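Participant: Sequence:
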Amino acid sequence: MQLQFAEITNLLNEHQLLVKSVLPDTIKPQVSAIAYDSRKSSADSLFFCKGAFKSEYLTTARQNGATAYMAEQEFAEGAGLATFVVTNIQKAMSLISAAYYGFPQNKLFIIAYTGTKGKTTSSYFTHNILKPATNNQTALFSTIDRIVGPRPEQEFKSHLTTPESLDLFHDMRTAVDSGMTHLVMEVSSQAYKKNRVYGLHFDVGVFLNITPDHIGPTEHPNFADYLHCKLQLLVNSRICVLNAETDHLNEVYQAAQTTSQPEDIYLFAKQDFQPAQALPTIDFRYQSEEADLTASQFKLYAKTAKAQALTASGQYKLSLPGNFNESNAVAAAITASLAGASTAAIQKGLATAYVPGRMESLQTPDHGTIYADYAHNYASMKALLSFLEGQQPDAKVIVVVGSPGNKGVSRRAGFGKVLTEYADVAFLTADDPGFEDPLKIAQEIDTHVDHSKVKVTIEVDRKKAIAAAITASTAKDIVVLAGKGDDAFQKVNGVDTPYPTDMVVAKEIVRGLQA
Numbered sequence: 001m002q003l004q005f006a007e008i009t010n011l012l013n014e015h016q017l018l019v020k021s022v023l024p025d026t027i028k029p030q031v032s033a034i035a036y037d038s039r040k041s042s043a044d045s046l047f048f049c050k051g052a053f054k055s056e057y058l059t060t061a062r063q064n065g066a067t068a069y070m071a072e073q074e075f076a077e078g079a080g081l082a083t084f085v086v087t088n089i090q091k092a093m094s095l096i097s098a099a100y101y102g103f104p105q106n107k108l109f110i111i112a113y114t115g116t117k118g119k120t121t122s123s124y125f126t127h128n129i130l131k132p133a134t135n136n137q138t139a140l141f142s143t144i145d146r147i148v149g150p151r152p153e154q155e156f157k158s159h160l161t162t163p164e165s166l167d168l169f170h171d172m173r174t175a176v177d178s179g180m181t182h183l184v185m186e187v188s189s190q191a192y193k194k195n196r197v198y199g200l201h202f203d204v205g206v207f208l209n210i211t212p213d214h215i216g217p218t219e220h221p222n223f224a225d226y227l228h229c230k231l232q233l234l235v236n237s238r239i240c241v242l243n244a245e246t247d248h249l250n251e252v253y254q255a256a257q258t259t260s261q262p263e264d265i266y267l268f269a270k271q272d273f274q275p276a277q278a279l280p281t282i283d284f285r286y287q288s289e290e291a292d293l294t295a296s297q298f299k300l301y302a303k304t305a306k307a308q309a310l311t312a313s314g315q316y317k318l319s320l321p322g323n324f325n326e327s328n329a330v331a332a333a334i335t336a337s338l339a340g341a342s343t344a345a346i347q348k349g350l351a352t353a354y355v356p357g358r359m360e361s362l363q364t365p366d367h368g369t370i371y372a373d374y375a376h377n378y379a380s381m382k383a384l385l386s387f388l389e390g391q392q393p394d395a396k397v398i399v400v401v402g403s404p405g406n407k408g409v410s411r412r413a414g415f416g417k418v419l420t421e422y423a424d425v426a427f428l429t430a431d432d433p434g435f436e437d438p439l440k441i442a443q444e445i446d447t448h449v450d451h452s453k454v455k456v457t458i459e460v461d462r463k464k465a466i467a468a469a470i471t472a473s474t475a476k477d478i479v480v481l482a483g484k485g486d487d488a489f490q491k492v493n494g495v496d497t498p499y500p501t502d503m504v505v506a507k508e509i510v511r512g513l514q515a
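The numbering of the sequence shown is the UniProt record's numbering, which starts it at 1 and goes up by one.
FYI, nobody ran anything at the bench for these hints, they're computed from the structure. Heads up, some of the hints might be wrong.
No more than 25 Å apart at the CA atoms, straight line, and that leaves these computed lysine-lysine pairs for BS3-like [as the list claims (entries may be wrong)]: (1) 348 to 303; (2) 440 to 476; (3) 91 to 20; (4) 50 to 194; (5) 440 to 453.
None of the values given here were measured: they were computed from a predicted structure.
My request is simple: use the sequences and hints to build the entire structure.
Facilitator: Following this line, the structure appears as structure tokens:
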């Protein structure tokens, strides 16, 4: 792949990003590779100076063959290289990456999900419907996995919900070259905050819900900024699908209206839900018919002419426990229908869907039922614990939970609140502590727990915390391992430290106790 300097200059000027360019005659006026990691620079490459940048990175990139660099200022280490000075390096990198990889997004029907909770589950539901419906030509970019092609080696674990723009467009290019025609992806608020998806437009954008999250010194300064970033998905989507039960529905609907016509905006809600403010008629209504600890069943009704023109309405069964997953399934049914899936395909896809790290359960003879779930904020924890409490009202609820370091600081108070509301016993432990002290994070959560209602133990070693929770349980209890789901790493001091996953740890402990 190659990109001419003239193309780079034109793109940057078109978006009013170019401040200055220096293009020496001694340098070939094109790049054959792009990189933002100096170690991955190669011959005739363009190096992006972004993030926590150090000038020595440019020296390394140059030694590895870079002939051009792009930055928000000039660097002496780049003397003699082709230079592009821009006002915003993240926006510029997104634009240039899309162009370098040949605008692969134009070859894909892209369904994008955002929301405080439910993005991953909804994405997996949708992918499981569309994968057979498109003859295995649907890619998936999720918090858990990235699937860029039909072969087993083209499926791998994700490190970010929405990766850096260069990686994003690289993976889209791989997907297109592998025959993919559809893409289901999650889009985080940070993706817009850090311009990782700048210039990218989606065929269908889904807004699931919004509650305070990701608010802290390294993320969003306040809720207004968090909401603003979430809404950008709708502004950049051709068709919008909205959960009418979300908070701030008026702002959400207005954002959808900025770039989509009313006939391209679909709202869904439970059968008995009535919005506080006047809005167009809700297009889809769903009714929960049965939900237990193994599965749930619901019916989806098309209420408007445009809804009836789709294939989404029908009777559905989910293999995942919990009626709190039904709204995610409804979103998946509508989006899959917009992508051309039949009712039968949607029914089969939802009935067989499996989401790694979501409501994985282990029945034990002496220690009740153990659940591992990715629930990682107040909203998702409340949905999970309230459902389990409703299913087994007499059971003691024992929860193992921690909170990440250096991000999502607002979650800590939320965990304290939800534990007070639903837990009987809590073990506070480590969960991707990053560069923070996991003990201090646990102590911070503890300050928000009402100790007259919840017995709290702090054990920062996660394996020991899980062992203590299971050992303390009886045959009638519920043990919830929250936060990590199927994550096989603990992020500690900038290093992805291997971790067996919560359920693997739980199974080992149960085997030991039984022995």
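Participant: So which hints don't hold here, by number, going up?
Facilitator: Per hint list: single violation, 2.
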